[in-house]
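Could you put together the complete structure from these sequences and hints?
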Amino acid sequence: MSPIVSVENLSKSYASGTVALANVSLDIEAGEILALLGPNGAGKTTLISIICGLVMPTSGRVIVGGHDTVKDYRAARSLIGLVPQEISIEVFETVMNSVRFTRGLFGKRPDDAYLEQVLQSLSLWDKRDARNMELSGGMKRRVLIAKALSHGPRILFLDEPTAGVDVNLRRDMWQLVRRLRDDGVTIILTTHYIEEAEEMADRIGVIDKGRVMLVEDKERLMRQLGRKQLRMELQEPLAAVPDSVTGRGLSLAEEGRVLIYDYDTQAERTGITRLIADLAQAGVSVRDLDSRQSSLEDVFLSLVEERGS
Amino acid sequence: MNWISIWAIYRFEMSRTFRTIAQSVVSPVISTALYFVVFGSAIGSRIESVEGIGYGAFIVPGLIMLTVLQQAVSNASFGIYFPKFIGTIYELLTAPMSFLEVVAGYVGAAATKAVMIALIILLTASFFVDLRIAHPVWMVAFLLLTAVSFSLLGFIIGIWARNFEQLQLVPLLMITPLVFLGGAFYSSTMLPPFWAAVTRFNPVLYLISGFRWSFYDMAEVPVAISLLAIGVFLAACLGIVWWIFRTGWRIRQ
Ligand SMILES: Nc1ncnc2c1ncn2[C@@H]1O[C@H](COP(=O)(O)OP(=O)(O)OP(=O)(O)O)[C@@H](O)[C@H]1O
Ligand SMILES: [Mg+2]
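Residue numbers (the numbering used here), protein chains in the order written: chain A, 576 to 884; chain B, 2 to 254.
Treat each hint with caution, since some may be false.
Below are the BS3-like pairs computed for lysine-lysine, each with C-alpha atoms no more than 30 angstroms apart in a straight line [unchecked claim]:
1. A:Lys715 with A:Lys702
2. A:Lys803 with A:Lys793
3. B:Lys85 with A:Lys702
4. A:Lys683 with A:Lys702
5. B:Lys85 with A:Lys784
6. A:Lys646 with A:Lys702
7. B:Lys85 with A:Lys793
8. A:Lys683 with A:Lys715
9. A:Lys803 with B:Lys85
10. A:Lys715 with B:Lys85
These aren't lab readings, by the way, just hints derived from the structure by calculation.
Right, dumping it as structure tokens:
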């Protein structure tokens, strides 16, 4: 199946001379949730802005649903909903009117029943007659989401949707995003919260300094990198790993006082039970245990550092 | 043409107007009434008539033009500047609309408001002076053409402006002087020949002259030239708007 969004050799230099994107290519599959990660200034917003038509590319092109975003912008843009990073909203208008306005801009006939459904799903229905300026920051962000959904887009861009949003609301948003995905909407979100990408995404893309460093299926990424480490603090320091347990990914650290076991969380059996039993047999007694999982954050940081150096 | 989208902008802008209807209407009406008191009654009582028309009635077309120009420019420039300023312009730029459709929505709304206020002033004026309208159809045509072309100018100013000062400066420095020097309150036949010739370079003179002709059947310059002047101005504004659309000047990076 051909991708719903295809970014081809996209570069962008702003008038100030900043190179925000350097030859970026990226395919987004229909129906997936793609999370874009990357430090401040990496070029995430620029990439989204070019796809949506806010910023003109310096070179390269973007195809959305088979339509070139510059030559055939009408067809391309009518497929897209954008929730921008900055909260920008008509302060004097009511929630309902702003949502109606966006629907109209996208050339869709009025459909208040559909808009009610959208507002309901964002818990904004009670606020439909409130003016936007009377809303809290989190509510305003939801209004922006409602606006983006008002014309029933096939592709939704969420630029840091959960920045400054409380934990409950964040969970609600995650749920909403999943529901939308279940309805077949393709979702591209940027975030600085790695757990969010981990929780939500089907695929993860990492952008740094205007380049795509990696785009990978999340499960595979987690499997590759989702290893766990068990640290065992020993009663007595060891000079070497006991013979009975060698060859299982054990290593000694801190002058023999700590035994480290690397294992794969995805494996059928972790082998921990046997390891502990075998260690006891070998007369090694463990004083304390600690386990940690390498997260996407580690992956991300090591990637960024590696290329940065 | 994507009429639903244009209508969305038009309606949105008109609802902004109606939300502030009191200040939108009250201030031009009060200032017009003041002009009548000062120019029409106080000064006008010393001026017998201009080309056979009572001075109070003579200034009505000019006064309406003054208001139409100011209203068209300020409504359209503010209409597009505000979304730029608060950032909601992202919606216009990501909508499946051509730039000309965006312009049509904003300019249509600004022109509508300017014409509405012009008609209210006409009504106000009819309480003060004895009005005749010799060519009502032409009167409406001049009114519409002027409102649309100056709304286009306002739209361009709104795109160009980087801050509120610039937004207000242009109408203040350009529109008001041009209207005052364009014969709103006098006939250029009252000027010494040199200055009468200079005012021929003022485009607003042609507007006011043509508009006054539609009322009193008298014109300083031939009506056809007035129409041509508006046509040229309209074409120039459309050209600039088209260029902005091509280049994304000051709206798309
Ligand atoms: N309008 C602009 N004019 C000039 N430079 C810009 C403009 N917008 C962004 N940049 C620059 O382009 C680079 C990429 O910015 P961008 O906003 O795309 O980053 P980002 O990944 O979205 O960052 P963040 O996580 O902080 O939102 C930065 O160096 C930024 O300073
Ligand atoms: Mg950003």
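Which numbered hints fail: 6, 7, 9
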